[in-house]
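Q: If you want the building blocks of each chain, they are given just below.
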Amino acid sequence: MTSLNEEVEMLRKIPLFAAIDPAKLKLLAFASDRKIYNAGQDLFKQGDPGDAAFVIVNGDADIIVTADNKEVVVATVTKNEIIGEISILCEVPRTATVRAKDKLEVLTIKKEHFIGLLTQVPTLGVEVMRELASRLQKTTTELSEARQELSQKK
Amino acid sequence: MERNLLKYIWGHSRRDQLWMLVIILASMPTYFLSLELPKRIVNSPIQGVGFETPGATSKFLETHLPFGEALFGKPVLLFSGFEMERISFLIALSTTFLLLVIANGLFKLYINTYKGRMGERILRRMRYELFDRVMRYPLSRFRRTKASEVASMIKDEVEPMGEYIGDAFTQPLFLGGQALVALLFIFLQNFWLGVATFVVVAFQAWLIPLLRKRLIELQRQRQIGARKFAGRLGEIVEGIQDTHTNDTTNYHRAEITDILGNLFFIRFELFQRKFMVKFINNFLIQFLAFFFYAVGGYLAIKGTLDIGQLIGVIVAYKDLPAPVRGLIDQDQKRLTVEVRYAQIIEQFAAGDLKEAKYQTIPDGEIPHITKGYEVNRLSVIDDTGSKLIENASADIKAGERVAIIGDFNSGASSFVEVLGGVIKPTGGRIYLDDKPIDEQPEYFTGRRLGYIDGSTYFPQGSILDVLTYVLKNQPVQTETNTKKAKSLEQIETIRAGNFEFDLSDEWLDYQRLGFSNLHDFIEYLREILIDVDMENDIRAFGLRGTIDPEKHTALTNELLEARKKFRARLEELGFSEFVEPFDPQLYNEQSSIGENLLFGTAIDEEYKLVNLPKNKLVLETLIEENLNEPLYEMGKNVAETTLELFGDLNIDDPFFDQLTYMSADELPEYKKILSRIGSKPSAEINIYDRLMIMRLPLAYTEGQNRLGLLTDDLKNKILKARSNLRKKLEALPEMPIGLYEPETYNSAASIQDNVLLGRISSTVPEGLERVTEAIRDLLEEMHLTDDIFNIGLDFNIGSGGKRLTEVQRQKLHLARTLLKKPDILIANQGMNTLGTRQQENIVQTVLKWSDKNGSGIIWVPMSPSFAKFFDRVLVFDSGVLIADGKPEELLETNETYKMLIT
Chain A
-9 MTSLNEEVEM
1 LRKIPLFAAI
11 DPAKLKLLAF
21 ASDRKIYNAG
31 QDLFKQGDPG
41 DAAFVIVNGD
51 ADIIVTADNK
61 EVVVATVTKN
71 EIIGEISILC
81 EVPRTATVRA
91 KDKLEVLTIK
101 KEHFIGLLTQ
111 VPTLGVEVMR
121 ELASRLQKTT
131 TELSEARQEL
141 SQKK
Chain B
228 MERNLLKYIW
238 GHSRRDQLWM
248 LVIILASMPT
258 YFLSLELPKR
268 IVNSPIQGVG
278 FETPGATSKF
288 LETHLPFGEA
298 LFGKPVLLFS
308 GFEMERISFL
318 IALSTTFLLL
328 VIANGLFKLY
338 INTYKGRMGE
348 RILRRMRYEL
358 FDRVMRYPLS
368 RFRRTKASEV
378 ASMIKDEVEP
388 MGEYIGDAFT
398 QPLFLGGQAL
408 VALLFIFLQN
418 FWLGVATFVV
428 VAFQAWLIPL
438 LRKRLIELQR
448 QRQIGARKFA
458 GRLGEIVEGI
468 QDTHTNDTTN
478 YHRAEITDIL
488 GNLFFIRFEL
498 FQRKFMVKFI
508 NNFLIQFLAF
518 FFYAVGGYLA
528 IKGTLDIGQL
538 IGVIVAYKDL
548 PAPVRGLIDQ
558 DQKRLTVEVR
568 YAQIIEQFAA
578 GDLKEAKYQT
588 IPDGEIPHIT
598 KGYEVNRLSV
608 IDDTGSKLIE
618 NASADIKAGE
628 RVAIIGDFNS
638 GASSFVEVLG
648 GVIKPTGGRI
658 YLDDKPIDEQ
668 PEYFTGRRLG
678 YIDGSTYFPQ
688 GSILDVLTYV
698 LKNQPVQTET
708 NTKKAKSLEQ
718 IETIRAGNFE
728 FDLSDEWLDY
738 QRLGFSNLHD
748 FIEYLREILI
758 DVDMENDIRA
768 FGLRGTIDPE
778 KHTALTNELL
788 EARKKFRARL
798 EELGFSEFVE
808 PFDPQLYNEQ
818 SSIGENLLFG
828 TAIDEEYKLV
838 NLPKNKLVLE
848 TLIEENLNEP
858 LYEMGKNVAE
868 TTLELFGDLN
878 IDDPFFDQLT
888 YMSADELPEY
898 KKILSRIGSK
908 PSAEINIYDR
918 LMIMRLPLAY
928 TEGQNRLGLL
938 TDDLKNKILK
948 ARSNLRKKLE
958 ALPEMPIGLY
968 EPETYNSAAS
978 IQDNVLLGRI
988 SSTVPEGLER
998 VTEAIRDLLE
1008 EMHLTDDIFN
1018 IGLDFNIGSG
1028 GKRLTEVQRQ
1038 KLHLARTLLK
1048 KPDILIANQG
1058 MNTLGTRQQE
1068 NIVQTVLKWS
1078 DKNGSGIIWV
1088 PMSPSFAKFF
1098 DRVLVFDSGV
1108 LIADGKPEEL
1118 LETNETYKML
1128 IT
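Respectively, the protein sequence lines represent chains A and B.
One point on numbering: in the working numbering, the residue at position 98 of the first sequence is 88, and numbering is uninterrupted.
Quick note, the working numbering runs 227 ahead of the 1-based positions in the second sequence.
If you are wondering where the hints come from, they were derived from the structure by calculation, not from laboratory data.
A portion of the hints provided could be inaccurate.
Unchecked claim - Only pairs whose alpha carbons sit at most 30 angstroms apart, straight line, appear in this in silico BS3-like list of lysine-lysine:
(1) B/K863 <-> A/K16
(2) A/K60 <-> A/K35
(3) A/K100 <-> B/K898
(4) B/K662 <-> B/K581
None of the values given here were measured: they were computed from a predicted structure.
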């Protein structure tokens, strides 16, 4: 059993939380539930309503997208990474399924806690914006590449 | 019921009242003798009258015939008595006095007991008769009657009559006699003074009732006011939820204040009047005294009146005021209770009572419904005059399965209400098996018809009580029942004219359904609960229920076995990592420190977690094990950390959800406590602060709160303290906690917790659900499902069934109606809180049930689309029956039907 202080250390390693006051991180850690998933168990499914974000403490998880009834692993996340934070920011259903690859230990951050922290810690808001902006930028690049490819194929 | 209270009392206690009179008369001589004797004791043996010479004797018990001298001209000696000396005479007279006092006391005891019993009997009869009327009121009447007003009338308003009844006849006779004798004496002394006295008393007798008129009116108002008060109180409590959700507590405060104010002023005026009447009374009586002294004295001085006569008048007069006042008081009482009685009778005198013959207990078999309904030109108009049904005619045969549909307010619902006998038609005829439905006895309609609607009210009791209620129609005739000796209770029941059947007889009549033993009946009951999809709920109640190991020895042992099996299988089930069983030798990480210390469930309030810091035994143990200081330090630490984490958050911040060992609103209090404590040594801390701090570590769970405060050393100390405390607890006369002991059943914990005997870690998603399911499977495998089900049937549903959900209540309502196997089941939108899908399932189930039993069904479905499952459909539109036929035919011929079902 890890203690709160260890969890705080871990949260600090996540870029999103790096700039936050340790006292606030401790509160976040305190409020978060530690959960253990067995290999093959789903943290959530594509289409579920999003109610929590997860920080991986130990183990790996697959991010799986289902299209045409086929499951495709699009990415794998590992220790100290955060998943599911987008869908708790805007009320959209989960865009992918996350499944434990082996025994997976996570810290569950409930939606209301995350939002609560956002309103209290402006720097966290900026961090989230930065993250979102960089993802948007990435997506836009990918989109324009895809468009180019598409137009070349025509 | 008799409208005149005195007639009512006389009618039911004539013999007792006469006997009372005889006894009172018989007690008179002893009473007067006991007043007379002290005078003789003082005069004769003590002062020495008749013992002037030494050795003189006097006669003891010398008796002359009363009025002998007047009748025969000379004293007639009845008994010559015993010759006695002065001392012996004193002793003899004193002893006689003692005996007279005892006899007198015994008379009083007998008279009072007799009067009391007589009063109670009549009171009991009165209450029973009133209740009987409540049972016979037409249903429509209850729409205007407040339950608590009825309760107030039957319980409180008749109460004062009990006291009055015993005195109703004897007291006025007795007091009147005394007054007459006193008056007669005055007349004998002096005719004119007698006339004067008579005039004053007569004036009083005329004046007082006049003054009382207003008093009677006030008493009536007081009674109505008090009843209204009870009625409103009852209503407010019933509707308490809306009171809170609409912030109307203050409106009710004002309302009750108003009622109390009215009551106050009525009562105040009542007092004023009452004491004014008293004052006038006293004055008139004392005026006589003035009259005797002034006028009588004047006449005596003038010489027209003999001094001796005047003294005689005054002495005789002394005896007059007491009985006159008594009579007036008695009359006052009579008026009060008569007003009360009249008020109550008025309320209960409704002319449309159901005749008693319709509610009797029948002899022999009750016939089944063979023909069914015949409805001819039925119309229903409600209180407000709006037409609910117009001229509807339809016959429904005994086994038919009919859906009755229509829009809201179409009349479909009212139609089945009439069929169920819940409302009365205003026009037309409705026959059930060739007889108007309201002339069929209730034992026929009540057992052969089943009626349900959306309303569910269940009195407090177990689920089994709710279900079997419908079979408690009459006591099951058994041999012991008829042979039972007449007990005092039964004799009294008969004397008070109460109900002849005994509640302690077996009322649950499952034989009527063809079951010879309770076990088969319960099995049948279970099938019905499966049908209405409630069996799982009942089993869940069972798992959450507690049992008494002494009553359920076999089950207890099985459950202990289940516990062992469950533990052995933790690994296999994949629970080993997150279910932590309670082991007396180990510290349980998923439980709080307090729970680890106590290692049991509190039975005694003093052993609840919050009360542990105050508990003497626990405190003693903590000190002995050197834990008191470390835990205190830990508590301070917890408080500080918590303040640091949560100190600047708003009280409604979602983060507070995770705070388990204190509540958000306690945080400021802890802030104050910490600043008071500062760096003071622990010996100087006041008791309150210390208690508050000590509560924290005891509620702290390392596995969940993760502050990293629990060291191995501390854990070991707690384990030692646990066994130390256990020894202390075992020395107590009664164990105040249910123990966590692998080999013992914990009667304070639920069945599920007993099988688990451990804690589920919070780290596992859906841990509780998975464990519950595993336990359920295990118990099924061990064939304990039936037992769990039976325990579930004992679940207490709470006042009005409030511990059940509305859906559960409606399902139970249906289940118990199916249970009695009615010939025709009438359902008036009965399952309206269920989802459409569930409702459809229920309809299908009920139709299958009717296939099996051959019962007819008349169903008003929530959704008209269910009509297609029935053999016949009646369609109502604005109170008119517009179509009647098979659903598939109507689909083609009737537009309204088509529109309704799509």
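Q: Identify every previously stated hint that the structure contradicts and give their numbers, smallest first.
A: No numbers; nothing is violated.
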